[in-house]
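J.: Top line first, the protein sequences correspond to chains A and B.
If you read the first sequence in our numbering, its first letter stands for residue 291, the second for the next number, and so on.
If you read the second sequence in our numbering, its first letter stands for residue 291, the second for the next number, and so on.
None of these hints come from the bench; they were simulated from the model.
Any given hint could turn out to be false.
Said to hold, decoys possible - Heads up, incomplete: computed chain A residues facing chain B, CB under 10 Å, no partners named: (1) L351; (2) F357; (3) V376; (4) P380.
Here a beta-carbon is modelled for each residue, glycine too, at the ideal position from N, C-alpha and C.
There are 2 protein chains.
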Amino acid sequence: MIVVPLGTSSAAPTLTRHLSATAFVNQGYILLFDCGEGTQLRLQQCRLKHSRIEAIFITHLHGDHYFGLMGLLSSMALARRTARLVIVAPEALSRLVHLLPGIREEELPFPVEYVPLREGMAKAVVYDRPDLYVEARAVDHRVFSVGYRVQEKPRPPRIDAARARMLGVTDYTDFVALKRGQAVQGSHAQMVTPEEVLIPGSAPRAFAYVVDTRPCEGAVQLARNATLLMHEATFSEALRKRAHDTAHSTARQAAMVAKRAGARRLLLCHFSSRYRELDTLVAEARAVFEPAEAAEELRSYPLEPYADES
Amino acid sequence: MIVVPLGTSSAAPTLTRHLSATAFVNQGYILLFDCGEGTQLRLQQCRLKHSRIEAIFITHLHGDHYFGLMGLLSSMALARRTARLVIVAPEALSRLVHLLPGIREEELPFPVEYVPLREGMAKAVVYDRPDLYVEARAVDHRVFSVGYRVQEKPRPPRIDAARARMLGVTDYTDFVALKRGQAVQGSHAQMVTPEEVLIPGSAPRAFAYVVDTRPCEGAVQLARNATLLMHEATFSEALRKRAHDTAHSTARQAAMVAKRAGARRLLLCHFSSRYRELDTLVAEARAVFEPAEAAEELRSYPLEPYADES
């Protein structure tokens with residue numbers, strides 16, 4: 291599980307930062323969070339194939355978070371995609387996108403399944419696959435906006451095969467029985483119990499993606515014990531009032547969310563174009579929550595299992 | 291007058307070529323031709339301010355030619371533009387663009403004036419300013435599509451001041467009279483005629499922008515005696531049938547249009563992503579029309595006055 295920020299600029303692109311989009315990459319598939327203009331190009335630039343995108347999650351309907359969707363759908367059509375694409379987004383999106391010539395629904399060679407988010411929602415599981423699910427929660431922005439949490443499902447325990455053999459268990463059916471929680475006969479007629487040979491699966495990982503919001507309870511809930519929290523930090527503390535008035539967060543506020551939530555690591559993103567250098571924002575965040583840094587575009591951030599859990 | 295290609299890729303962007311857009315830059319203003327996804331970023335990258343854009347001309351409603359418009363309008367709004375923006379485009383565009391949250395017409399702080407192009411049109415002057423006008427003509431694509439010609443207006447003759455003084459004309463009112471075509475009294479009571487002192491203005495320049503079309507009479511008319519013709523060259527001759535079937539042109543066909551039209555210089559553009567190198571396309575064009583080359587993105591191409599006219 292790897293997170294790759296594709297764009298970390300708020301509102302408008304700059305010469306060094308692009309519009310909002312982040313790829314969550316796992317074996318064989320990609321979940322895309324937001325899709326600002328130019329996202330398809332950013333994917334190319336880090337060699338992520340858009341054919342691997344299984345679902346797209348849009349936080350809200352401000353252009354800098356979804357104007358890249360049209361071009362991406364267009365290129366998927368051009369590449370003759372046939373696989374279903376899931377789009378989770380505020381409900382107005384599905385009506386709007388397909389009005390555009392070139393990507394009308396009947397023109398696309400692949401099915402698009404919309405998961406509409408309705409204003410007033412508190413939280414919902416919006417996507418589910420065997421290895422993880424994605425939860426959406428309302429956050430606090432000028433328009434209806436949500437954050438997302440990718441939650442890995444508990445992984446089954448596995449058998450310490452060397453130890454099992456040492457205790458005289460070698461047969462496949464005995465291994466299956468142990469995994470089911472049944473004791474089996476080992477060497478010397480001794481019974482071997484699951485507790486003796488099972489190693490618990492690693493603790494489930496979680497990635498929270500929270501942009502375009504004031505610091506809020508929804509953000510804290512999304513980030514609770516997250517392996518990695520990506521949180522917007524549009525402004526520095528000097529512009530705290532402006533952050534509040536425009537319904538954004540400061541870097542320090544992002545750090546306080548991370549701290550309250552017990553997140554393990556914080557990636558700041560969604561920077562105002564007024565900041566050429568991000569040192570001040572990072573310093574303000576670290577004063578509150580040490581494992582904070584500015585998201586670097588196109589860099590891979592692996593989701594490591596919790597170091598202190600097993 | 292300078293032309294700056296911002297994107298020369300057809301359909302989808304590549305790692306080296308971007309989606310269709312070309313800036314026509316003159317003193318103090320920009321006319322933008324097509325606006326594929328990422329155009330606002332390409333403008334930034336060659337230090338062209340979007341605030342200087344006076345009018346945008348869209349050739350047709352395939353996404354790779356207009357999906358950048360939404361983000362550009364968005365950024366113009368964010369920069370608090372107040373100046374009117376003219377958008378010349380197939381008529382459906384105005385209905386569509388402003389349906390999108392964030393760029394609804396009432397949300398924009400500047401007026402947008404649409405010049406709608408209707409299917410079935412042959413040609414029309416679609417934009418007029420003191421120094422030039424822009425003509426649109428239908429071309430031959432899978433959907434209604436036009437090409438554009440920027441036509442400089444004749445520049446008034448100017449007075450060869452040194453020669454006028456030599457003939458004894460120094461007074462401002464005499465200069466004005468000469469420009470009006472009246473003879474005036476010079477030194478030694480001799481009359482000085484306009485013919486003796488007027489230098490004709492340089493020949494008017496013209497830039498033709500023709501993309502997404504089979505070679506056609508409309509293209510030839512747009513390019514007649516043009517200083518610079520930018521013409522699509524999606525395919526090489528080896529894919530001539532494919533070019534015809536998809537309603538595009540080969541590089542050689544673009545060159546034949548340039549030749550028939552008596553254009554001075556040809557810039558090929560709108561290249562299929564299958565061509566990493568463009569040598570073959572350029573060679574095929576040059577075999578027919580020598581002053582042909584592949585448009586390089588972000589390079590400035592000055593519109594020089596005709597060398598052989600004065």
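J.: Run every hint past the structure and note whether it holds.
T.: Checked hints:
1. Residue-level restraint check for A/L351 holds (minimum Cβ-Cβ distance to chain B is 4 Å; threshold 10 Å).
2. Annotation: interface hint on A/F357 holds; nearest CB of chain B at approximately 5 Å, less than 10 Å.
3. The restraint placing A/V376 at the interface with chain B is violated, with a minimum CB-CB distance near 21 Å, outside the 10 Å limit.
4. Because the beta carbon of A/P380 sits about 9 Å from the nearest beta carbon in chain B, less than 10 Å, this interface hint is met.
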